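S.K.: Here the protein sequences line up with chains A and B, keeping their order. The numbering used here applies: residue 1 is where the first sequence begins, and numbers increase by one. The numbering used here applies: residue 1001 is where the second sequence begins, and numbers increase by one.
Worth double-checking, as some hints may not be accurate.
Just the calculated beta-carbon pair ranges, DEER-fashion [unchecked claim]: (1) A/THR54 to B/PRO1256: 45 to 55 Å; (2) B/SER1038 to A/VAL91: 28 to 38 Å; (3) B/SER1124 to A/ARG202: 19 to 29 Å; (4) A/VAL91 to B/PHE1138: 25 to 35 Å; (5) A/GLY182 to B/PHE1138: 49 to 59 Å; (6) A/VAL91 to B/ALA1006: 52 to 62 Å; (7) B/GLN1035 to A/LEU68: 37 to 47 Å; (8) A/GLY182 to B/MET1134: 54 to 64 Å; (9) A/THR54 to B/LEU1261: 36 to 46 Å; (10) B/HIS1204 to A/SER148: 33 to 43 Å; (11) B/GLN1035 to A/ILE193: 24 to 34 Å.
Reference listing, derived: stretches of chain B covered by chain A, where coverage requires no fewer than 3 residues with Cβ under 8 Å from a Cβ of chain A [what the hints assert, rightly or not]: (12) 1056–1068; (13) 1175–1189.
Calculated Cβ distances over 10 Å to all of chain A for the following chain B residues [to be verified]: (14) GLY1003; (15) LEU1022; (16) GLN1029; (17) GLY1041; (18) PRO1093; (19) THR1162; (20) PRO1293; (21) LEU1313.
Please keep in mind that the hints were generated in silico from the structure rather than gathered at the bench. From a predicted model like this one, the values you see are computed outputs, not experimental measurements. Note that the Cβ used here is the ideal one computed from N, Cα and C, for glycine as well.
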Amino acid sequence: MTELVGQLINLLAAILLMLSFAMISQRRILSLIHLFTAQGATLVAATVLVGYATQQPHLYISAGITLLLKVIAIPLLLHRVITRLDVRWDVETLINIPMTMIIGIALVIFAFNLALPISKLSVSLARGTLGIALACVLLSFMMMITRSKAVPQVIGFLSMENGLFFAATSATYGMPMVVELGIALDVLVGILILGVFLFHIREQFDSLDISHLEKLKED
Amino acid sequence: MTGLGAFSQLLEIVMALLLAPLLGGWINQWRAWLQNRSAPGLLQPYRMLHKLFNKESVVAEHASPLFRGAPYIVFGCMALACAIIPTLSTDLPLSPAADAIALVGLFALARVFISLAAMDVGTSFGTLGARREMLIGFLAEPALLMVLFSASLISKSTSLTTIVETLAHRDLAIYPSLALAGVAFTMVSLAENARVPVDNPATHLELTMIHEALILEYSGRHLALLEWAACLKLFAYSCIGLALFFPWGIAEAEAPLALLLAMPVLILKLAIGGALLALLETLSAKMRIFRVPEFLATAFLLAVIGMLVNILLGG
Chain A
1 MTELVGQLIN LLAAILLMLS FAMISQRRIL SLIHLFTAQG ATLVAATVLV
51 GYATQQPHLY ISAGITLLLK VIAIPLLLHR VITRLDVRWD VETLINIPMT
101 MIIGIALVIF AFNLALPISK LSVSLARGTL GIALACVLLS FMMMITRSKA
151 VPQVIGFLSM ENGLFFAATS ATYGMPMVVE LGIALDVLVG ILILGVFLFH
201 IREQFDSLDI SHLEKLKED
Chain B
1001 MTGLGAFSQL LEIVMALLLA PLLGGWINQW RAWLQNRSAP GLLQPYRMLH
1051 KLFNKESVVA EHASPLFRGA PYIVFGCMAL ACAIIPTLST DLPLSPAADA
1101 IALVGLFALA RVFISLAAMD VGTSFGTLGA RREMLIGFLA EPALLMVLFS
1151 ASLISKSTSL TTIVETLAHR DLAIYPSLAL AGVAFTMVSL AENARVPVDN
1201 PATHLELTMI HEALILEYSG RHLALLEWAA CLKLFAYSCI GLALFFPWGI
1251 AEAEAPLALL LAMPVLILKL AIGGALLALL ETLSAKMRIF RVPEFLATAF
1301 LLAVIGMLVN ILLGG
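The shape of chain B in the complex, shown without the other chains (with noise of 0.2 Å):
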């Protein structure tokens, strides 16, 4: 472990805690603006958590300590999350710690504790909410493991530093694997990120709503810290994409020159990334839950086809 590693390390959790509330925001903006609403500010997101966190924190009367503790549990297990995915350098000391596969299971432990903190009190919409997490997050683990495994069976490893380093730092190729796992990712992302063809972020009806109800009995700094860990977990699931398929200026070890030129290059993928996003949201329309499974089998058998096809071509 060098000293630059631990700087980018540093840098790197800074700036996704920093980033990912203003990536909230910049997609919000671009959804106002394609659906021809005025849009809120940009800095939207901090000033809610800044209110958010003044505020008292109402806890039901019944709360287990489990309802307590999973939104710290839960913004814990984000922050790691963005901590072990490479976005700046691939000299990371607390990669080795995580590879793909334990981030798919920081990803289900956050679900799993959220879930049971929204059955907690006991509340109907809590449980509808947390079922329905749950059905949508078993579908699309599976999914997000396999497109995993396409990239990893590219670079012979499943740790991520090594999968970008395979990746970014390689002659001009074209994986036709990449090409399948990528729609596949941005599918499951859509659904963990409930995002709209899968559960709309900006509703309260109470019928749709999937990640809304799992924090409805929330508030206060409680709520502040649900918000935040939602920001994290969008963005750690666009720098995953951005790792995979669009590796280009994510600097290596020993390279500080480097650090300096990715961290604009970041920002400016995850712009695009964002309006895309934005865009993708607008053309679609929320579909019926129980046409969930059938979106996500397609993401899952899309990422399977990429592994095969990865098999047959020799990559």
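Isolated chain A (complex conformation) (with noise of 0.2 Å):
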């Protein structure tokens, strides 16, 4: 049965890998905010799933707050700035996906590289998903990279956190309490903060486009 509920886990680290890959590849911004929810929920349930097999109740009330936060409420918050931004359906002109795939590819590599050695001295139950949630984070990042707009920049961020939450929820078991609640703290005054700041960059230059702020000074 543990057994069972490992391969599980291990099931629901692929399905985060490809959905990882699946919004560096998207195109439009309400589905980036779909795909964001979804990975939220994978989360949740692999959060859930570590805390059954552990035995560790602590992880319940950690992923009680992952769903509250990352699968309902951010979510409805970004929906809440696209609509007010009037950037729900906009496109993103994107260069180059199988080049950034390629590259993808390569970090996933070195991320699995770099697990390797760690989780052969783990014995936890999902000492395997380190390397793919470090594969996780790395492409969140070069996802934060490769945009030039600033909404999947923010969902760029904010899915790098859950690379992190997952990578500490697979190799200790979760972070202890205070640490965590201050994390998804941390992570709402953010999103606020950056929400505030959409709407300024907006008023400024009228346009989310981040190379504006390249600029130092007005021309």
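If you follow the hints, you should be able to join the two separate chains into one complex; please do so.
M.R.: Written out as structure tokens, the structure reads:
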């Protein structure tokens, strides 16, 4: 039974990785938010399973917080933001998706290589998934680099936090409750501040393209 | 080689030849229902084949023997492919003849001949179709190979029967790598069988057609063979998918009773798969031809990630 739960966790980890790649190649902002919601839901399921398999009730609480925050609250907030910014149907022109994907594969290989010795030392149930969590973090990082619009960058940031959370769950069965609550609050405050920023960027430059921020002077 | 083995081999080939047009008709019916059209009869593909076989075959004046021979070669390749994929039983005398890699080679052989034949007559549409077909083919093949490799990493063999035996008769286990490979395989088979996001099987609009452009010059019995081969290809791909990802119900060697059960199970699985394919086709819109490399690169990437995950998580 425990073995089957372990395999289910592995499966969820693979789905997380797949969603990360889907986010990299997604052009539409609305679909991006849907993908982010799905990622959060997968994360909740994985956390509940780890909690069940290792008999650690505090993981249920952190799964609950994740559910409230990343599956319900933040997607709702993002939906409101893109409706008010009127970028709901925006399609971002991404250059060279196949190239980004190949870099993505290289990142995944790098992360797996890095995690392999660590997971050999570990005895935890989901030790194999550390590499996947690391790969998710790196992929979200790359998404933040390759995007030029502000909203996808915010989503990249949030998805990076998802990867970190998953790494913590799989490697050490979750962080202490205080840390977890702190991070949850940080993310919530972060998204609120970023939301305000988005409106300001928009007001200043009439566009959400952050390449405008590179100029120091007004011309 | 046992008598039962030979029997199940024969049964498999006959069943593939007979059921393949039915699968096509079944998918067309579902497509029509889902799009609020009235559906053609379930047996429409058989009627079409019958009509075409009775018609005179008109061949262009400057056609070389290659043009006449290609339909037979393509049909033969597809029939052999259907014979080596374990659909009913894993006890197949023909299956040592070709493993997973050779199977991909068989599909490639058929593709090369149909493309050469399309260019042979020298019409612009044929050449256009052939080029597009090769573009899709050279991107889809590596992805298909990677999918098959992910499955063979689990069973440590590239022989299709061994793969199916290991996957079907194991303790219940979930392989994350197969989940990734499954998504990649779906994308590849949509591209390879000229289904909607890549090519529309029902279109005759010049600028968008791929498969139809290839066979535009054929008529009569040649066209019938090619249409039948296209049905067989779809059937073969469905069976590979079922064998790799849903292998339950396929009979082992020395089990005549299981063979009896295997047939209704296979038909049920194909019926569900066909309906799902029609749903997928209805939900998605055809993409521009320049988006296809992106689509197939994603499939390749997912298959590679599947392999990597398999190595990381140890199967």
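S.K.: Please list, smallest to largest, the hint numbers that this structure does not respect.
M.R.: 3, 11, 12, 20, 21
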